[in-house]
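There are 2 protein chains.
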Amino acid sequence: MSDILKEVLAANEEYAANFGDKANLAMPPKRRFAILTCMDARLDPAKFAGLAEGDAHVIRNAGGRASDDAIRSLVISYKLLGTREWFVIHHTDCGMETFTNDTIRNLLANSLEPAEFDGENWRDIGKGPGSRAGEYIEFLTISNLEQSVIDDVERIRSHPLVPGYITIYGFIYDVKSGRLIEVPEASRIGRATI
Amino acid sequence: MSDILKEVLAANEEYAANFGDKANLAMPPKRRFAILTCMDARLDPAKFAGLAEGDAHVIRNAGGRASDDAIRSLVISYKLLGTREWFVIHHTDCGMETFTNDTIRNLLANSLEPAEFDGENWRDIGKGPGSRAGEYIEFLTISNLEQSVIDDVERIRSHPLVPGYITIYGFIYDVKSGRLIEVPEASRIGRATI
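Chains as they are written, first to last, in this note's numbering: chain A, 1 to 194; chain B, 1 to 194.
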């Protein structure tokens, strides 16, 4: 058994031993909202947004992007589980700002071992074989952080399955301060219309 | 400003005020692993798996499914940010077990207001207009929980961009106890091969 697996199971043992009355929580989010944010290890949405178990849906992917899959999740979130406010939260120092589709496609074609970042460029240090399957993936990289929040709120706002009564807020989380900074233009686009 | 927005910002203010040395965390996950799990409000992966900020990637969507978008995120996770072990964690009492593509497509075609669950069936209580755009979404519902974990580990394991040295574990999180229960068949399929 790997060290990581042992550690995760030990931490889980402790969590379960102090589970308290969380067994009684209902499936629908009590506070009727959802957060879409990045998978980045430095982000703990429950902590930075003050969520207890049972409060809110949390959707995370690379970049916190409004991918088709995030939209699938958001549609289920409001239609079946009653959320009414959604936060799109990207963050400073995001890995998605450091590469393009071409960068990662070339790295993957070269090898499937991890690449290294020198602060400006990604370099492949691994050995092949790689795979060209990256050509079929749109990686949803970010070239401008505010714009990516605006674009994603806009994409969600204009989706035919997203009703006008939902409010969508756009934010950037600052990994240096822990602070949420609103992107006013995004929140303006995300305003409920009915 | 909505109550939810006020509460989130107040909680964030407090978090940022006690941010400590987290400003120094690096982008790559310190413990080199990733968790793919459900957006369900009752799940707090940082708590149930013992993660501090900076430790691990967390990817979440409706069901914790190995969607194309989850695979996009996992590829970025290992290739650029060096993770080597991945946990696929579905959970008991998952909303994704309560409906099918047809169910939600019909509900959405009827109205974009929330539906109600009577413990067996979803009923639409809202008013139209709805939208037929749900026809274009595969909702990745779950009919058997263990099987969905096995299927998802298998999909990730056999993806051409996922190298053999990555270990993938399959688990079910029990919302009644807080406990992680391994799905041995999934973890067997997910074993590293090199």
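Since the hints were derived computationally from the structure, they do not count as laboratory data. Every value quoted in this text rests on a predicted model; they were computed, and no experiment measured them. A hint or two may mislead.
The list treats identical chains as one, so a pair stands whether inside a single copy or across any two.
[Claimed, not checked] DSSO-like mimics (lysine-lysine), calculated; alpha carbons at most 30 Å apart, straight line: (1) K30 / K47; (2) K6 / K22; (3) K47 / K6; (4) K47 / K127; (5) K30 / K6.
Each hint tested on the structure:
Taking CA atoms no more than 30 Å apart as the test, K30 paired with K47 passes in both settings, with 17 Å inside one copy and 19 Å between copies. Taking CA atoms no more than 30 Å apart as the test, K6 paired with K22 passes in both settings, with 24 Å inside one copy and 25 Å between copies. Taking CA atoms no more than 30 Å apart as the test, K47 paired with K6 passes in both settings, with 25 Å inside one copy and 15 Å between copies. For a Cα distance limit of 30 Å, the shortest separation of K47 from K127 qualifies neither inside one copy, at 39 Å, nor across copies, at 37 Å.
In this homomeric assembly, K30 and K6 come within 30 Å of each other (Cα to Cα) only across copies, at 16 Å, whereas the closest approach inside a single copy is 33 Å.
Against the hints set out earlier in the document, a violation occurs for number 4 only.
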